[in-house]
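**Student:** The residues making up each chain are set out below.
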Amino acid sequence: MAKWMSVAQVKEKIEENSAEEVTAQYLEAIGKSKINGYITVSEKALEQAKKIDAEGHNGPLAGIPIAIKDNISVVGLPNSCGSKILEGYIPPFNAHVIEKLLAAGAVILGKTNMDEFAMGSSTETSYFGPTANPWDLERVPGGSSGGSAAVVAAGEAPFALGSDTGGSVRCPAAFCGVVGLKPTYGSVSRYGVVAYANSLEQVGPLANNVTDIAVLMDVIAGYDRKDSTSIDSKIEYQKALVEDVKGLKIGVPKEFFGEGIHPDVEKAVWNAIHKCEDLGASWEEVSMPHIKYALASYYIIAMSEASSNLARFDGTRYGYRANGENWHAMVSKTRADGFGTEVKRRILLGTYALSAGYHDKYYLKALKVRTLVKQDFDRALSKVDVLMAPTMPNPAFKIGEKIEDPLTLYLSDVNTCPINLAGVPSLSVPCGFTDGLPIGLQIMGKPFDEPAVLRAAYTFEQNTDYHTKRPSEVA
Amino acid sequence: MITKEDVEHIGWLARIEISEQETVEYMEKLNSVLGYFGQLDELPTKDVTPTYHVAEIYNVFRDDVVEECLPQEVVLANTEHKQDGAFRVPKIG
Chain H
1 MAKWMSVAQV
11 KEKIEENSAE
21 EVTAQYLEAI
31 GKSKINGYIT
41 VSEKALEQAK
51 KIDAEGHNGP
61 LAGIPIAIKD
71 NISVVGLPNS
81 CGSKILEGYI
91 PPFNAHVIEK
101 LLAAGAVILG
111 KTNMDEFAMG
121 SSTETSYFGP
131 TANPWDLERV
141 PGGSSGGSAA
151 VVAAGEAPFA
161 LGSDTGGSVR
171 CPAAFCGVVG
181 LKPTYGSVSR
191 YGVVAYANSL
201 EQVGPLANNV
211 TDIAVLMDVI
221 AGYDRKDSTS
231 IDSKIEYQKA
241 LVEDVKGLKI
251 GVPKEFFGEG
261 IHPDVEKAVW
271 NAIHKCEDLG
281 ASWEEVSMPH
291 IKYALASYYI
301 IAMSEASSNL
311 ARFDGTRYGY
321 RANGENWHAM
331 VSKTRADGFG
341 TEVKRRILLG
351 TYALSAGYHD
361 KYYLKALKVR
371 TLVKQDFDRA
381 LSKVDVLMAP
391 TMPNPAFKIG
401 EKIEDPLTLY
411 LSDVNTCPIN
421 LAGVPSLSVP
431 CGFTDGLPIG
441 LQIMGKPFDE
451 PAVLRAAYTF
461 EQNTDYHTKR
471 PSEVA
Chain S
476 MITKEDVEHI
486 GWLARIEISE
496 QETVEYMEKL
506 NSVLGYFGQL
516 DELPTKDVTP
526 TYHVAEIYNV
536 FRDDVVEECL
546 PQEVVLANTE
556 HKQDGAFRVP
566 KIG
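Respectively, the protein sequence lines represent chains H and S. If you're matching positions, the first sequence starts at 1 in my numbering and goes up one per residue. If you're matching positions, the second sequence starts at 476 in my numbering and goes up one per residue.
Incorrect hints may have been included.
Okay, the calculated beta carbon distance ranges per label pair [stated by the list, open to error]: (1) H:K34 x S:H556: 51 to 61 Å; (2) H:G400 x S:R537: 46 to 56 Å; (3) S:R537 x H:V242: 54 to 64 Å; (4) H:G258 x S:E500: 26 to 36 Å; (5) H:R379 x S:E495: 47 to 57 Å; (6) S:K479 x H:W4: 47 to 57 Å.
Chain H residues, not near chain S, derived (Cβ > 10 Å throughout) [stated by the list, open to error]: (7) K13; (8) K32; (9) D53; (10) E266; (11) E325; (12) V331; (13) R345.
None of these hints come from the bench; they were simulated from the model. Glycine included, every Cβ here is placed at the ideal spot set by N, Cα and C.
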């Protein structure tokens, strides 16, 4: 069996052999892994595949294996969020997206590594140790869905689910040379996904090609009454896979090509824009003057929401519990021992930003800046169909290189987090290499205009070969 | 600028125990991040409406009907600290 397969190829293999055999081969690849991409491998995967074989492959994803980020609840599998504080916790219910996947016949291979509570851009803050980038095992895979991106890049799953609060699907997609989509806010239910910053995050797919992103979106997107921000967009994602960009208007926001961008990244992204132009699209520069304030606004909002969302981890009902002479001491010790440094930093900063005397200066100010950033997107996207820019200003960095200084690490989210403030869809697709490391092209669209984003990405992919390159480190 | 006392205070508000040595470390790292956040001050926002979330959804209601929920033993299955069908915690104060 080829190590890297599209969903269509996996389907063929299942028909030729069986879902059980295909699952067994992925489990074998996972067993030989060099990247620490999975936190838990499901012991029930083979059993699930056998059942699908017995039932006769019904459903759009019948027998197709998938990897799930470890903050998305699956009954019977631990849901650690990369944290000690959820030690031993096994969710008693499935996330909405998992119900959809199971109904479509997908086989869950396991749960993937991530920055603790999705707070990071490198997967180094996981309690279970860092994941390695399949293109260079000394480098980070990006984050926070680093495990999901790395296992897809390493051929240990055909596709995966991640979550994206400020770039957590697109950053690792860019660093690992795979495709990742942050859908429009509201298109995919967040029910059963452990909340970090709920006004910003969406579940998103990661795959080896644009087609498989659309295949997965057709299964997981849609209305869910258990998520009060759910919107039924009725988009047919696979129908958007049209190889034609004639007449497509591309906006190039110059603010995304700021100081510190790697020259090869800048070159690769411009080459991609010119490629689209050759294929019949047109481009123009657009200005988004508030983008430079997006990062600060994003972090204040994310940390503030986190300080509230993570209050539930108090040792009372599940997970790790420390001893304490009274309730306050028990909770304070549980959280001191159970959370890692970065999570504690963000909770403390968020608590500060919401506390009496500072609420208006930080939190309210950030929400107002969010409005200005959103207006920048509205204005830019009123003139063009999509925006194109680098996903990450630089390629994957070395493990340990940025972990000591939080601000340095935060700055790497500069091109991804504005999208979450505005809630628009954004996809990262491979567009080149520098010193053997992948580069991602970011394509952003109007709210619920994933079809335009997918059309641009699909056409670019069909006319280039970046997505066919595989990392030799894990071959 | 955030002081040692501020760190201790927010540690208490967030219910995270912080040692003497950690207080100094947090103070330095938090001040560096807050310094960066300070750049927002240069942007005038007096008449700007805040955006809490971007979905154009306001009140979401459902019919007030009883539905099946998780059984008590399933909800209690994730902790050893339970008694008589309830979670057991140390006394509050």
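**Student:** For each hint, tell me whether it holds in the structure or not.
**Tutor:** Structure-based check of all given hints:
Distance hint for H:K34 and S:H556: a CB-CB separation of about 40 Å, inconsistent with the stated range 51 to 61 Å. Hint check: H:G400 to S:R537, Cβ distance near 49 Å, so the stated range 46 to 56 Å holds. The hint said 54 to 64 Å for the Cβ distance between S:R537 and H:V242, and at roughly 38 Å that hint is violated. Distance hint for H:G258 and S:E500: a CB-CB separation of about 30 Å, consistent with the stated range 26 to 36 Å.
The hinted range of 47 to 57 Å is satisfied by H:R379 and S:E495, whose Cβ atoms lie roughly 51 Å apart. About 53 Å separates the C-beta atoms of S:K479 and H:W4, a value consistent with the hinted range of 47 to 57 Å. No beta-carbon of chain S comes within 10 Å of the beta-carbon of H:K13; the shortest separation is about 37 Å. With a minimum CB-CB distance of about 33 Å to chain S, H:K32 clears the 10 Å threshold, and the non-interface call stands.
Taking the minimum C-beta to C-beta distance to chain S, about 30 Å, the non-interface status of H:D53 holds against the 10 Å cut. Listed as a non-interface residue, H:E266 keeps its Cβ farther than 10 Å from every Cβ of chain S; the least gap is roughly 24 Å. Distance check for H:E325 against chain S: the nearest CB is about 7 Å away, which does not clear 10 Å, and the non-interface claim fails. In this structure H:V331 is not separated from chain S by more than 10 Å, as the shortest Cβ-Cβ distance comes to only about 5 Å.
For H:R345, the condition that its CB be more than 10 Å from all CB atoms of chain S is violated, with the nearest at approximately 6 Å.
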